[in-house]
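Model the full assembly from the supplied sequences, consistent with the hints where possible.
Residue numbers (the UniProt record's numbering): 1 to 144.
To be clear, the hints were calculated from the coordinates, so they are not data collected in a lab. C-beta: ideal position from N, C-alpha, C; glycine also. Just so you know, not all the hints are guaranteed correct.
Pair by pair, the computed Cβ-Cβ distance ranges are [what the hints assert, rightly or not]:
{"hint": "1", "residue 1": "28", "residue 2": "56", "range": "20 to 30 Å"}
{"hint": "2", "residue 1": "93", "residue 2": "49", "range": "51 to 61 Å"}
{"hint": "3", "residue 1": "83", "residue 2": "23", "range": "23 to 33 Å"}
{"hint": "4", "residue 1": "56", "residue 2": "91", "range": "35 to 45 Å"}
{"hint": "5", "residue 1": "89", "residue 2": "126", "range": "38 to 48 Å"}
{"hint": "6", "residue 1": "92", "residue 2": "144", "range": "25 to 35 Å"}
{"hint": "7", "residue 1": "87", "residue 2": "56", "range": "19 to 29 Å"}
{"hint": "8", "residue 1": "5", "residue 2": "28", "range": "45 to 55 Å"}
{"hint": "9", "residue 1": "48", "residue 2": "94", "range": "45 to 55 Å"}
{"hint": "10", "residue 1": "6", "residue 2": "86", "range": "39 to 49 Å"}
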Amino acid sequence: MLFFFIGGIAPRTRTLRTLLGQRCPACAAPSTLRERRTDQVLSVFFIPLWTLRQGIPFLSCDNCGWTSGPSASLLEEREQQQQQPLPPPPPPPPSLPPFRQPPPQQQPHAGSPPPQPPHGLMCPTCMRPVQPDFAFCPSCGRAL
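Structure below.
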């Protein structure tokens, strides 16, 4: 039986964030600085499975290729961001006013006919007014 295994540990560079509004110290190009980190990743059949070791953040310039060494300020800033508690959740939206039932309609007397709409047609099923040229009730869908 012959079995091939393709895997290994390889470095993978990730962009953590883009620093907008800052210039590169080497070429002075605006908005080309990125904070990056190189991690050691275990891959099997070219699919990354686990990050074995996280690297140290550094700055790099897309324009000239300049890279900084791992600075203490970047490390401290990263640690402070991870240790800060999350902000409290926003307050819930104001509650809606309570639902009010419409006032009950007065029932017609037993001897009087039901009120007719101005054009004279009502759906016999839902008792809603319909226009004379309709073949079906727009409210309940029944044939007229």
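Task: Violations among the numbered hints - done: 2 and 6
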